[in-house]
Amino acid sequence: MRTVLKTEKLHKVYTLGSLFRRIKINALDDVNLEVVSDQPVIVSLVGESGSGKTTLAKVVLRLVEPSAGSAMVCDHLVAGKGTKPTKREFLTTVQPIFQNPFEAFSSYRTVDSYLERTAIYVNQLSRREAIDAISQALASVGLKYADVKGKYPNQFSGGELQRVSVARALLPHPKIIIADEPVSMIDASLRMNVINLFLALKRDFGTSFLYITHDLATAYYISDYIAVMYRGCIVEFGQARAVLSEPQHPYTKLLLDSIPSTRWKWERKIAESDIETKEYRFTGCKFHNRCPLAQDICRQKRPQVVRLSDGRDVYCHLVQ
Amino acid sequence: MIRLKNLVAKYTTVRGQVAAVDGVHLEVPDGIILGVAGESGCGKTTLMKVIYGDIGFPLSLASGSVEYGFCTERGEPVTTTNIRDYWFKRISYIPQSSMSALNPVIRINRQFVDFRRNSKREADILDRVRQYVQELGLPAEAIDAYPHQLSGGMRQRIMVAMATFFHPDIILADEPTTALDVVVQKGILLLLMNLQEKMKNTIFLVSHDMGVHYQITHRMLIMYAAKAVEYGDTNAVFERPLHPYTRLLIESLPTIGDTQTRQGVAGRPPSLWSDLRGCRFADRCPFAREICRMEEPQLREYCAGHMAACHFVDRFM
Ligand SMILES: Nc1ncnc2c1ncn2[C@@H]1O[C@H](COP(=O)(O)OP(=O)(O)OP(=O)(O)O)[C@@H](O)[C@H]1O
Ligand SMILES: Nc1ncnc2c1ncn2[C@@H]1O[C@H](COP(=O)(O)OP(=O)(O)OP(=O)(O)O)[C@@H](O)[C@H]1O
Ligand SMILES: [Mg+2]
Ligand SMILES: [Mg+2]
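Those protein sequences? They're chains A and B, same order as listed. For what it's worth, my numbering labels the leading residue of the first sequence as 22, then goes sequentially. For what it's worth, my numbering labels the leading residue of the second sequence as 232, then goes sequentially.
Accuracy of the hints is not assured; some may be wrong.
[Unchecked claim] Simulated crosslink set (DSSO-like; lysine-lysine; CA at most 30 Å straight-line): (1) Lys320(B) / Lys290(A); (2) Lys431(B) / Lys286(A); (3) Lys286(A) / Lys429(B); (4) Lys223(A) / Lys196(A); (5) Lys431(B) / Lys290(A); (6) Lys45(A) / Lys27(A); (7) Lys196(A) / Lys165(A); (8) Lys27(A) / Lys196(A).
[As the list claims (entries may be wrong)] Covered stretches of chain A (chain B as the covering partner; in silico rule of three or more C-beta atoms under 8 Å from a C-beta of chain B): (9) 63-77; (10) 174-181; (11) 271-281.
No wet-lab data here; the hints were simulated from the structure. Note that the Cβ used here is the ideal one computed from N, Cα and C, for glycine as well.
Required output: the full structure, derived from the provided sequences and hints.
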C-alpha cells in the first residue's frame, strides 16, 4: 500500500498583531490524517476560512516548516525528522495549484514563460516539445496557446489565470496535485470541465489530488475521502459521500446547512459572530461556543478521535 | 436609476485591441442588489471597472457612458467622467482577488486610514473600524496585521468592511465571498442584505455561485463573451431562464446526494480575439441553428422587465 498522504501530530503556530497586541494562532493544531491506498485517490479538504487548509497544503509542498510533527506525501517524507531535499524528483511527484492565481505568478513575467520553464526544467523537454505539451495542457482547460502567449498575469481574468495554473500543474504528470481552490473563480459551465478533467487524470494517469475547496458539492462529486477542518483541527474525516450525506460533527452539519441553495431561500436571521482568535486558545472543543449541543465536557476537554463503524473519524464528545 | 448606455470597453495590448465589454445597455433601478454572472473571462470585472470609472491604460471606454442617478454640488449629473470624485463616498469597489489588492507591506490599519486621511481624527476612525471589523466576525487584532498574515477569508472580510464602512450609494462587489467558507459566506451575505436594506443603496454583486445569486439578488444580469445575454428579476430568471446559457449555468452544477455524472457545457467560450459573428454562444448551444451563426441576436424584452438575447426564446416561453 502506498501512503498518499499522512500527517502526524502536525502543528504550526503563527504570531499575529503588533508588539502590544500580539496573539498566537495555531494554524495547525495536532493534525493527524492518513490516507493509504494502491489506487489514486482524491482527498478533499474543506472547512472554515482560516482553518489551516492552505497551511497544511504548504507544509506538504515544503513551503512552510511546521512547528512540530511530520508529514508524508506519496511515500515521500516532506516534513519532520529525516526529510531530504530532492528538488526535481519532488516536483515530478507533487505539483501545486495555488489558491490565488494572481499571487502565484509574478506580474513582471509572462505567464507562458512559467509554463515553458516547467515543461523544460521539470519535464526535460526540448522547446518544440514543450510548446506542444503546453498547448495540449491549455486546451484541456479550454484555453488557446495563442491567447495566452506573451501576456502578463494582469492581462487575464481571474478564471483564465486559474485555468493556466491548472494547466501548469498538469505538465509534469505528477503523482499528486495539491489543488488549493483550483476552480473558485471559474463559472459553472467550465468548472465541471475542470472537475471532470481531474477525474480523467485520476483514471488515466493515476494522479491523486488533495482538493481544497469551499464548494462542497464538487467535493461530493469527485472525492473519495474528505477531511473537515475547523480552527486548526480536523473535526471529521472519512469517505466523502458518507460524511457529506450523513455528517456527524455539528460543524460539518452547520457547513452543509449553509450552502446557498437554488431551491429555497434563507431565513433572515444573522448568526452571531464570534471573535475567532479567542477560540484558537480554547482548551475544550473549539466549536463548543457555537455548538447547539455543547455540554460541560465540551468546554473542558479537547475531544479525542472516535472511529465510527464506517471507518470515519469524528472529533466530538457527543458522538459514539 | 443607474443607466449603462451602450458601453464598449477595450483593452489595448501588443496584439491590438480587444473588446471585453461590447455594447452593454441597461437600466438598473435604485436600491436593489443586482447579481452579475457569466463565464470566466466574459467581462464582468471589466464592467465593474467601467462602472467604477477606473478606466485608464490599457483599458479604454470606446463608446458609451454611465449615468449614476445623482448630481454634483453644482447640479450636473455625475457620469463616467467625474465619478472618480465620488470614490469611497458614493461608490465603492471590492475588487476581485481583493486578497491581493491589499498592499502587502502596509499594515491593514494604515490602509483603512489612508483613504480618508483628512476626515476626523485617525484614532477615532480606527476605533470605529475596530468595532466594525468585529461586527463582521473578525478579531480586532486583524487590522494591526500585515495582509499576508491573514487567511484569504479574513482579508476578504476586511475588504468588505472597507467598502461598506462609509455607506456609499453604490457598491461594486466582485466575487466578495468566493474565498470564504459557506458559513462565513452566509453571514456576510446576510449582513450585506441587511446593510443594503438599511442604506437603500445599490449593490452590484459578481459571483459564479448561482446559489448566492438566488439567495440575495433582486435582479440578475447574465453575460457571455462581452455581451449581456439575459437580464431580469432573479426569481423569474431562475424559474424560467430564457437564454440557453443561463439554463445551463443553473443546471450544470452537481448537488450533494446526486451521484450522476455531470458534463460541463461542451466546447469553450469563443476567444474575444476571433472574428465574432452571430450569436456568441452558438458553438456551444445545443439548440443552435443556421440563423444563430449568421445573425447576432439583440437583447429584447420578452415579459415585463425580463430580457434575453436569443433567436429562439419562444422555445422556453
Ligand atoms: N504567514 C503568516 N503569518 C501569520 N499568520 C498566518 C500566516 N499565514 C497564515 N496565517 C494564519 O493561519 C491561519 C490559517 O491560515 P490558512 O491560510 O492556512 O487558512 P485556510 O484554511 O487556507 O483559509 P482560507 O479558506 O481562507 O483560504 C489563519 O488564521 C491565518 O491568519
Ligand atoms: N489588462 C488586460 N489586457 C488585455 N486583456 C485583458 C486585460 N484584462 C482582462 N483582459 C481580457 O478581457 C476579458 C474580460 O476580462 P474580465 O476580467 O473582465 O473577465 P471576468 O468576466 O471578470 O472573468 P472571471 O470570471 O474569470 O473573473 C478576458 O478575455 C481577459 O483576457
Ligand atoms: Mg486557503
Ligand atoms: Mg473577474
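So, going through the hints one by one against the coordinates:
In summary, the hint linking lysine 320(B) to lysine 290(A) is supported, as the alpha carbons are separated by about 29 Å, within the 30 Å threshold. Among the hinted pairs, lysine 431(B) with lysine 286(A) is consistent with the structure: their alpha-carbon atoms are about 21 Å apart, no more than 30 Å. For the given pair, lysine 286(A) sits about 20 Å from lysine 429(B) by alpha-carbon distance, which is consistent with the 30 Å threshold. Between lysine 223(A) and lysine 196(A), the direct Cα distance comes to roughly 9 Å. Compliance with the 30 Å bound is thereby established for this hinted pair.
Restraint check for lysine 431(B) and lysine 290(A): satisfied, since their Cα atoms lie roughly 19 Å apart, inside the 30 Å limit. The straight-line distance between the Cα atoms of lysine 45(A) and lysine 27(A) is roughly 25 Å, inside the 30 Å bound, and the hint therefore holds. In summary, the hint linking lysine 196(A) to lysine 165(A) is supported, as the alpha carbons are separated by about 26 Å, within the 30 Å threshold. Proposed proximity of lysine 27(A) and lysine 196(A) is supported: the alpha carbons are some 15 Å apart, at most 30 Å.
Residues of the region 63-77 of chain A lying with their CB closer than 8 Å to a CB of chain B number 7, which satisfies the three-residue condition for coverage. Only residues whose beta carbon comes within less than 8 Å of a beta carbon in chain B count, and the region 174-181 of chain A has 6; three or more means the coverage holds. Against chain B, the region 271-281 of chain A contributes 6 residues with a C-beta closer than 8 Å to a partner C-beta. That satisfies the three-residue criterion, and the hint holds.
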